[in-house]
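Colleague: If you read the sequences in order, they're chains X and C.
Counting in our numbering, the first sequence runs from 49 upward without gaps.
Counting in our numbering, the second sequence runs from 49 upward without gaps.
Simulated from the structure, these hints should not be mistaken for lab results.
Take the hints with a grain of salt, since some may be wrong.
Repeated chains share a single entry, so a pair holds when one copy, or any two copies, can fit it.
[What the hints assert, rightly or not] Taking lysine-lysine pairs in the BS3-like style, the calculated list, with each CA pair at most 25 Å apart, reads: (1) LYS110 / LYS83; (2) LYS160 / LYS357; (3) LYS357 / LYS399; (4) LYS481 / LYS67; (5) LYS110 / LYS67; (6) LYS67 / LYS399; (7) LYS160 / LYS83; (8) LYS83 / LYS481; (9) LYS110 / LYS357; (10) LYS67 / LYS83; (11) LYS160 / LYS110; (12) LYS67 / LYS160; (13) LYS399 / LYS83.
There are 2 protein chains.
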Amino acid sequence: MTTKPSFSGNMPNAYVPGKGNLSQDDEALVLRRQKAMGPAYRLFYETPVHLVRGQGVWLYDKEGNAYLDTYNNVASVGHCHPHVTAATAAQSQIFSSHTRYLHEGILAYSEKLLGYFPSPLSHVMFTCTGSEANDLALRIAQAHTRGTGFIVTENAYHGVTAAVAALSPSLGAGVDLGTHVRAVPAPDTQGGDVGQVFAAHVQSAIDDLRRHGIQLAGLIVDTVFSSDGVFVDPAGFLAPAVAAVRAAGGVFIADEVQPGFGRTGDAMWGFARHGLIPDMVSLGKPMGNGYPIAALVTRPEVIEAFASKARYFNTFGGNAVAAATAMAVLEVIENERLQMNALTVGTAFRKGLDDLAQRFDCIGGIRSAGLFLGVDIIQGDASTADAHTAARIVNRLREARVLISATGPRSHVLKIRPPLVFEHAHVTFFLEKLETVLGGL
Amino acid sequence: MTTKPSFSGNMPNAYVPGKGNLSQDDEALVLRRQKAMGPAYRLFYETPVHLVRGQGVWLYDKEGNAYLDTYNNVASVGHCHPHVTAATAAQSQIFSSHTRYLHEGILAYSEKLLGYFPSPLSHVMFTCTGSEANDLALRIAQAHTRGTGFIVTENAYHGVTAAVAALSPSLGAGVDLGTHVRAVPAPDTQGGDVGQVFAAHVQSAIDDLRRHGIQLAGLIVDTVFSSDGVFVDPAGFLAPAVAAVRAAGGVFIADEVQPGFGRTGDAMWGFARHGLIPDMVSLGKPMGNGYPIAALVTRPEVIEAFASKARYFNTFGGNAVAAATAMAVLEVIENERLQMNALTVGTAFRKGLDDLAQRFDCIGGIRSAGLFLGVDIIQGDASTADAHTAARIVNRLREARVLISATGPRSHVLKIRPPLVFEHAHVTFFLEKLETVLGGL
Numbered sequence: 049m050t051t052k053p054s055f056s057g058n059m060p061n062a063y064v065p066g067k068g069n070l071s072q073d074d075e076a077l078v079l080r081r082q083k084a085m086g087p088a089y090r091l092f093y094e095t096p097v098h099l100v101r102g103q104g105v106w107l108y109d110k111e112g113n114a115y116l117d118t119y120n121n122v123a124s125v126g127h128c129h130p131h132v133t134a135a136t137a138a139q140s141q142i143f144s145s146h147t148r149y150l151h152e153g154i155l156a157y158s159e160k161l162l163g164y165f166p167s168p169l170s171h172v173m174f175t176c177t178g179s180e181a182n183d184l185a186l187r188i189a190q191a192h193t194r195g196t197g198f199i200v201t202e203n204a205y206h207g208v209t210a211a212v213a214a215l216s217p218s219l220g221a222g223v224d225l226g227t228h229v230r231a232v233p234a235p236d237t238q239g240g241d242v243g244q245v246f247a248a249h250v251q252s253a254i255d256d257l258r259r260h261g262i263q264l265a266g267l268i269v270d271t272v273f274s275s276d277g278v279f280v281d282p283a284g285f286l287a288p289a290v291a292a293v294r295a296a297g298g299v300f301i302a303d304e305v306q307p308g309f310g311r312t313g314d315a316m317w318g319f320a321r322h323g324l325i326p327d328m329v330s331l332g333k334p335m336g337n338g339y340p341i342a343a344l345v346t347r348p349e350v351i352e353a354f355a356s357k358a359r360y361f362n363t364f365g366g367n368a369v370a371a372a373t374a375m376a377v378l379e380v381i382e383n384e385r386l387q388m389n390a391l392t393v394g395t396a397f398r399k400g401l402d403d404l405a406q407r408f409d410c411i412g413g414i415r416s417a418g419l420f421l422g423v424d425i426i427q428g429d430a431s432t433a434d435a436h437t438a439a440r441i442v443n444r445l446r447e448a449r450v451l452i453s454a455t456g457p458r459s460h461v462l463k464i465r466p467p468l469v470f471e472h473a474h475v476t477f478f479l480e481k482l483e484t485v486l487g488g489l
Numbered sequence: 049m050t051t052k053p054s055f056s057g058n059m060p061n062a063y064v065p066g067k068g069n070l071s072q073d074d075e076a077l078v079l080r081r082q083k084a085m086g087p088a089y090r091l092f093y094e095t096p097v098h099l100v101r102g103q104g105v106w107l108y109d110k111e112g113n114a115y116l117d118t119y120n121n122v123a124s125v126g127h128c129h130p131h132v133t134a135a136t137a138a139q140s141q142i143f144s145s146h147t148r149y150l151h152e153g154i155l156a157y158s159e160k161l162l163g164y165f166p167s168p169l170s171h172v173m174f175t176c177t178g179s180e181a182n183d184l185a186l187r188i189a190q191a192h193t194r195g196t197g198f199i200v201t202e203n204a205y206h207g208v209t210a211a212v213a214a215l216s217p218s219l220g221a222g223v224d225l226g227t228h229v230r231a232v233p234a235p236d237t238q239g240g241d242v243g244q245v246f247a248a249h250v251q252s253a254i255d256d257l258r259r260h261g262i263q264l265a266g267l268i269v270d271t272v273f274s275s276d277g278v279f280v281d282p283a284g285f286l287a288p289a290v291a292a293v294r295a296a297g298g299v300f301i302a303d304e305v306q307p308g309f310g311r312t313g314d315a316m317w318g319f320a321r322h323g324l325i326p327d328m329v330s331l332g333k334p335m336g337n338g339y340p341i342a343a344l345v346t347r348p349e350v351i352e353a354f355a356s357k358a359r360y361f362n363t364f365g366g367n368a369v370a371a372a373t374a375m376a377v378l379e380v381i382e383n384e385r386l387q388m389n390a391l392t393v394g395t396a397f398r399k400g401l402d403d404l405a406q407r408f409d410c411i412g413g414i415r416s417a418g419l420f421l422g423v424d425i426i427q428g429d430a431s432t433a434d435a436h437t438a439a440r441i442v443n444r445l446r447e448a449r450v451l452i453s454a455t456g457p458r459s460h461v462l463k464i465r466p467p468l469v470f471e472h473a474h475v476t477f478f479l480e481k482l483e484t485v486l487g488g489l
């Protein structure tokens, strides 16, 4: 039996079977996918991309065509970085076992990683995915606060376990939010003092939870609001909301799965620009440059209640190969000065987009921090989101062999998020392609 | 601040800080662990083992001492198997990206894996951990049945996400079971018709859920009842319980994270001995021989309701390196006939243990399937579990450089679960060490 995807939720840029311009060979692959992997999987783009090779910022299809990767934040130090793959290969051949034996590698990595955090954040626990890290954060927050309620943003994504899917409105209306969850509007830069407005929404959510007899456990946000459409300015705007949460007995969980490891350019972590020290920080995607490793960094006092009644073990989490691989990723970030590169190349990227915005009316607001950029696509006046045009731009860029995607609750924000080894020449290449696409709309 | 583990729950064989006979260097590592990784982690053994290298069934400490690994079911085709590490290294250097692009590797693996299942089980979805696979199974079961209730065994372990921790009584009394969860006694071989007794317990749980207004979603069991103490005979005993669950509208989820991939010797999966076709099957630990990959195999009709309202994506799950690695693991299982090896070596292992049981009164019941063996340690008459002696045996074997552990609700079952490349000579080696330890008690 062949089952077809019957639902795309609010996922922008999902392939719709039967559409697109697939080769016969690729059409056959799509059918094999549906048959073997079932109806819940999605491909990207009107015409999905069949990739066979990656190097640096380039991905290659089986005909050898090169695609400029301006989207993937997992291969953050570049696809198949030789320093990282060498570390994976070497450790795989020596020892790969878990954290219930003593091993130097996981300690060396833990200490190096914690060195990037302000001192109150002094413990790290290892998982395999960002979903698992956020799921663990919830368990710890609930034990620490004795509350159960969580506040998230309206189009938040925090992962796919049952507990964090219930905190992820971006998965679509078919995935129920928990009865203990309140979603607040993202901190949009339009209208008033962003920090005060956001804090007021959070306070209302706290009050509403309390009115329903639900004690607050915490606020969890992606610190650049990736799936809400990228909200980063003005620096510091999160502080009043976090103060309100703490006053109500809740904790602040910074989801750094997307912004973390230098992407924002100004700092290693997205929370830094807000002058805050979170109670917990979840890490994921770029941590192992594709090797499955993720983590939760906590203040010690936050984990005490959990540890007094539970233990934690993740069979593959923080195994010796994961630790060696993640260590190599940090070494590349340092040796190639990738945080600084994210800042300088990101600044040039932003300027190029600002210049295009002067010439193309469909470009509305642009928001960015380092190499995480969001570009609103609008119709007529700035308040009308144009998801249709955003999708056309994404797909025409794909035809021009440049990979990005779209995001936001109205699916009209171009999501631009290249590997951190992106260079000025790649920015120029991208802007030329985008200009051509915009000119041809 | 140094925090110390303040709780060991009912985890047998957890290191208690301050005890044991650690070298100064290893004591320093323990302190570094506590400082960096916090109070929720546990080490194995009274004196933890500091490992640096693994090959086949042998693990090595930093002094070069060899330990016979009779415990680790992750490195199932042997530690650092060259065919597997070569596949990981090769694919890592070519392409490692995710399942939203077309890629041949994940399809080839999916099809090969599904070939090991009876045909109704025709879809596979990829996660990074067994916890995530079971968590996804719960979400799918709840969507399919519109029920929420689950039945597990009294000392079950299904993982560490919030949702599956609530289904895992073995995590200890500090981790709450869900209000929608009922735990039934494990299918102990003592007393009556095992299948009818177990089915009666399951029916009582169904009735009790209904009495509380909770509709059944399903029954989930580890198909060899690993953490309950290893219950495998008589073959077929699960069938009446599963029939009761299906009659009540629930699904049967076979947790094959521990038994799967040939360990039971008689079949690739533990459910096979029960003459059943589950609705879903979760896979994990040995799947990538240490590389983080896990999966959920389902009947297509079971996933329809979930897919009609939700999508599924796991960033690292089923990436190109995971697929290549897992493919290599299957190739080794086939090429080295490891399922057959588990049967023949497991049979000899069992016979050797049976012989020792004739001579040592502290050995009670022995249960096994292939290379998964459970040995009750008892005091006086067979009904008195002796966790203390079990712990002494585990730790004296560790001093003799043979690694096993203990399990079961009363912590008195020796858990013997070596890599599947275990040979007859290793069995002899193990039995000699065990005999010496038993003689010296």
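Colleague: Now tell me if each hint is right for this structure.
Modeller: Now for the hints, and whether the structure bears them out:
no. : hint            : result
1   : LYS110 / LYS83  : within (22 Å within a copy, 49 Å between copies)
2   : LYS160 / LYS357 : neither (29 Å within a copy, 42 Å between copies)
3   : LYS357 / LYS399 : neither (52 Å within a copy, 40 Å between copies)
4   : LYS481 / LYS67  : within (24 Å within a copy, 65 Å between copies)
5   : LYS110 / LYS67  : within (21 Å within a copy, 58 Å between copies)
6   : LYS67 / LYS399  : neither (36 Å within a copy, 61 Å between copies)
7   : LYS160 / LYS83  : between (45 Å within a copy, 13 Å between copies)
8   : LYS83 / LYS481  : neither (36 Å within a copy, 50 Å between copies)
9   : LYS110 / LYS357 : neither (53 Å within a copy, 34 Å between copies)
10  : LYS67 / LYS83   : within (18 Å within a copy, 55 Å between copies)
11  : LYS160 / LYS110 : between (39 Å within a copy, 22 Å between copies)
12  : LYS67 / LYS160  : neither (48 Å within a copy, 29 Å between copies)
13  : LYS399 / LYS83  : neither (46 Å within a copy, 44 Å between copies)
In this structure, the earlier hints numbered 2, 3, 6, 8, 9, 12, 13 are contradicted, and the remaining ones agree with it.
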